[in-house]
Amino acid sequence: NAGVMQNPRHLVRRRGQEARLRCSPMKGHSHVYWYRQLPEEGLKFMVYLQKENIIDESGMPKERFSAEFPKEGPSILRIQQVVRGDSAAYFCASSPLGEHYGYTFGSGTRLTVV
Amino acid sequence: DQQVKQNSPSLSVQEGRISILNCDYTNSMFDYFLWYKKYPAEGPTFLISISSIKDKNEDGRFTVFLNKSAKHLSLHIVPSQPGDSAVYFCAASAGGYQKVTFGIGTKLQVIP
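Line order of the protein sequences matches chains A and B. Under my numbering, the final residue of the first sequence carries the number 114; numbering is consecutive throughout. Under my numbering, the final residue of the second sequence carries the number 112; numbering is consecutive throughout.
Think of the hints as simulated: they come from the structure by calculation, not from any bench. The beta-carbon is built from N, C-alpha and C at its ideal position, and this holds for glycine as well. Check each hint, because a few of them may be wrong.
[Unchecked claim] Under 10 angstroms between C-beta atoms, here's a sample of chain B residues computed to sit facing chain A:
no., residue
1, Val4
2, Pro9
3, Lys68
4, Lys71
5, Phe102
6, Gly105
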């Protein structure tokens, strides 16, 4: 039973390019969460999704960031026109329906904007 | 506005002794608290949790204490082992809602 799979592990983008981060939840998990960890900071909530629905995107920056969790396939966090300040570790977590303890996290994608 | 605060960025403890990691929160609506452990280059791993209806929860070497009146919780690790060296995140959620708010973490080093 594979855990939460995130890819790529490392992503380098030039300023102005687009970054796409993928997350496949654990089998049987229908809830996906994206968190961002900036250097020297804790994990900051970005967005909470269920299949085909965004439940809470209160932590998403208003511009350039979007997320989806389609009926088929992984959840995608998309960052358009990246800037240096987007450099961070992006973690995805999943949980089963109705469970809010013990999120299972993926290993993260480390985005570096050069 | 940091709703979950971990004021000690780091802690060093001798192997075999007790490690105590502290956490304070400001949001009175939080009713569920969690601790996560994170090794470098890995995602956080759930460790232990406590509901606000309890003041203590124990799991092996790990015990979490909750003081609601002080809005304070702590994680005790006894005895500490070198493999416990990691960053520990305190986290909280409100009203059964699945969004979790994290502190900035405390880096624990257990010295053999």
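Cross-check of the supplied hints:
no.: 1; hint: Val4; in the structure: holds, 8 angstroms
no.: 2; hint: Pro9; in the structure: holds, 9 angstroms
no.: 3; hint: Lys68; in the structure: violated, 18 angstroms
no.: 4; hint: Lys71; in the structure: violated, 17 angstroms
no.: 5; hint: Phe102; in the structure: holds, 4 angstroms
no.: 6; hint: Gly105; in the structure: holds, 6 angstroms
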